[in-house]
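Got chain P sorted already, so can you dock chain X onto it with the hints?
Now for the letters of each chain:
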Amino acid sequence: MSELKEKNDPVNLDIYSFSGGDEAQQQDLAGISADDRGQLLMAGMDVREAHRSGTFLQFDHAQVHCKSCQKGVEVLGINDALKKYDGLPDYFWKAIDKEQDEFTRASAAATTQGGYFIRTEKGAKISDPVQSCMFIKGENTGQNVHNVIIVEEDSEVHIITGCATSHGVSSAMHLGISEIYVKKGGHLTFTMIHNWGDDVVVRPRTVGIVEEDGVFLSNYILLNRVKSVQSYPTVYLNGRGALARFNAVIVTPKGSYVDTGNRIVLNAPDTRGEIVSRTITTGGINIARGEIIANAVPAKGHLECKGLILGDGVIHAIPELVGTKTGVELSHEAAVGKIAQEEIEYLMARGLDEDEATSTIVRGFLNVDIMGLPKELKETIDRTIAEHEGEMF
Amino acid sequence: MLNIEDLHVRIGDKEVLKGINLKIKEGETFILFGPNGSGKTTLLMAIMGFQGYEVTRGKIIFRGQDVTHMPTYERARLGIGMSFQRPPTIHGLKTKDLVQLCARDKEVDVPAMARTVNFESFLERDINDGFSGGEIKRSELLQLMAQDPYLVLFDEPESGVDLENMVLVGKTAKKLLDGPTEPSPFESMRDRRARHNTSGLIITHTGYILDYVNADRGQVMYNGVLCCDSRPNRPRDILDHISKYGYKECVRCLN
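So the sequence lines, in the order shown, correspond to chains P and X.
Quick note on numbering: the first sequence equals residues 0 to 392 in numbering that gives the first Met the number 0.
Quick note on numbering: the second sequence equals residues 0 to 254 in numbering that gives the first Met the number 0.
In isolation and in its complexed conformation, chain P is listed as follows (with noise of 0.2 Å):
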């Protein structure tokens, strides 16, 4: 346990650039470099924004660009969004408390704010995902923004967020607050992808809040090295009915510290909370935490939580039940090893090679498939994960 303490050094917030260079906002994404480009596509965005309702995208402090192209969905930059909606009072800085920890005070405090707003009309079904990116161009960036996110009654969206930083840049932080509300009978599918860099220190603190009959899916993945990420996504599911799923792919390579996981509050009759997580760590470490609390019957809760260590890593997986009511139904199953000999032999009796049995075992653990995401991104997650087997074994 010390040693895992250690490892996660405090964060000096001194040392990086809070504020910095407004960058007109470009509204033609082809002037992107080629290098950057791909560091957006391995984020999750697309550039030539094919079958994408809208998309926001910032770089550093400065949003760059900022567009909806469905009816039905509104996408925004925080500040704009703030002057037209008087400063957003049932929204901003009403899920999550400005005094909860060091990082959300100097975000609250912080001059320089960018973000998204992206909001459904009531009863709109986005047939295209809205993407957004966070891009880090600067050395010694602190990038730090404030989401909102609203799904309105009925109303269904994928809202796929990546994060990324140029491929020049290594140190840097970000700071992101999100606050998302997703109405009565809403439908929210919200991918986060992380492509960060080697020396970055990712503080992300996210809640969410779901009324009646109101669905959730979250989906994460994060393939590339990070110095360090500490985040503890947590949803309330407040109405009668509301679901929320958690799906998390995360491989810690040698130097990356992950400490992360899902919270799920059912605070309402029929609500019902899944988490699964899998992770490899091929020489970093993973703290995989988990928490299902059920405050209200009926309430069901399952938290799945596999780790594979494949290089001398550390997986440290924290499952947590909390029930305080009689009549609540929550469960968790957790594993941590290695690939079984077992299905690496069945493999070899068709034919694969130890290393081919291997990659498949592992390109099967690291599936995405239950995600549900647009095919080019499938494509691009599948392809780093190819890229990636070398170092894995």
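These are calculated hints, taken from the structure and not from any lab test.
Fair warning: there could be bad hints in the mix.
[Claimed, not checked] Subject to a maximum C-alpha distance of 30 Å in a straight line, what follows is the list of computed BS3-like cross-link-like pairs (lysine-lysine):
id, chain 1, residue 1, chain 2, residue 2
1, P, Lys337, X, Lys93
2, P, Lys374, X, Lys105
3, X, Lys95, P, Lys377
4, P, Lys377, X, Lys93
5, P, Lys253, P, Lys93
6, P, Lys121, P, Lys66
7, P, Lys82, P, Lys70
8, P, Lys374, X, Lys95
[Claimed, not checked] Okay, the calculated beta carbon distance ranges per label pair:
id, chain 1, residue 1, chain 2, residue 2, range
9, P, Lys253, X, Ser158, 52 to 60 Å
10, P, Ile317, X, Glu119, 39 to 47 Å
11, P, Lys253, X, Thr88, 50 to 58 Å
12, P, Glu355, X, Pro110, 22 to 30 Å
13, P, Glu328, X, Gly18, 30 to 38 Å
14, X, His204, P, Asp368, 32 to 40 Å
15, P, Glu328, X, Gly129, 19 to 27 Å
16, X, Arg56, P, Asp354, 26 to 34 Å
17, X, Glu119, P, Ile14, 57 to 65 Å
Note that beta-carbon positions come from the ideal geometry of N, C-alpha and C, so glycine has one too.
Chain X alone, transformed into the frame defined by chain P:
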């Protein structure tokens, strides 16, 4: 096809196979009987070359090559295929993808193949995930069809299979061993049979599989040795005897 000479196999400290001699010719189907724990599955595992089955003496020759110490995947590529009794689930590996992997570089029509074992609706599912006994057998047969081996090792084709599935499993196993039986405009039945020379080694307790496949020979495995050779084409005689009198005759015969 397969020539096993004086094979001794140890699992941990225990010698399980104590000098097995077995020849299976091209196109021949051999049936292995015997009580639980006698070493039948061990023989299949040793032929496939799995870890933990240590050959301490003797040889396994397959199509003229000594495979005794060859890795499993090389044996599979040479043409030994096995149907598992309890195959593991591999999460995230779709059945159709594994079937394609079994075919290696060969062109195969996976959906068409799946149709013959009524398994199309499982192609998108993770391999073996929640499969019933009959579904496992159909999945294993489908993989073997794609692999198209020279020698099929089949561990208890009837275990966990209901009657309806048994017909399908039996017919498919027959087709795998004998090749297609319907006439073709492109070649004569004689040529077709000559080309299709798959051999089989089948473990059975109940003998239901004998209603479907043409068994050429059979023997009983008892306490790590083979005994009681059947008359040609009459392995069922052994079964009939065992079902009436049990294995006590083996004890007498071997002592």
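CB of isoleucine 317/P to CB of glutamate 119/X, is that within 39 to 47 Å?
With a Cβ separation near 42 Å, isoleucine 317/P and glutamate 119/X satisfy 39 to 47 Å, so the hint holds.
Given the hinted pair lysine 95/X and lysine 377/P, is their Cα-Cα distance within 30 Å?
Between lysine 95/X and lysine 377/P the Cα gap is close to 18 Å, so the pair holds against 30 Å.
With 19 to 27 Å as the target window, see if glutamate 328/P and glycine 129/X comply at their CB atoms.
21 Å, holds
Is 32 to 40 Å right for how far apart the beta carbons of histidine 204/X and aspartate 368/P are?
39 Å, holds
Pair hint lysine 374/P and lysine 105/X, alpha-carbon separation not exceeding 30 Å
27 Å, holds
Restraint status (C-alpha distance of lysine 337/P to lysine 93/X at most 30 Å)
Answer holds: lysine 337/P to lysine 93/X is near 21 Å, not above 30 Å.
Take the C-alpha atoms of lysine 82/P and lysine 70/P, compute the straight-line distance between them, and say whether it is at most 30 Å.
22 Å, holds
Kindly confirm whether 30 to 38 Å is satisfied by the beta carbon distance between glutamate 328/P and glycine 18/X.
57 Å, violated
Given the hint that lysine 253/P pairs with lysine 93/P, does the C-alpha gap stay at or below 30 Å?
38 Å, violated
Glutamate 119/X versus isoleucine 14/P beta-carbon gap, inside 57 to 65 Å or not
59 Å, holds
Within 22 to 30 Å: is that where the Cβ-Cβ distance between glutamate 355/P and proline 110/X falls?
24 Å, holds
Can you let me know if the beta-carbon spacing of arginine 56/X and aspartate 354/P is within 26 to 34 Å?
Roughly 31 Å apart at Cβ, these two residues keep to the hinted range, so it holds.
This entry does not satisfy hints 5, 9, 11 and 13, going by the numbered hints stated previously.
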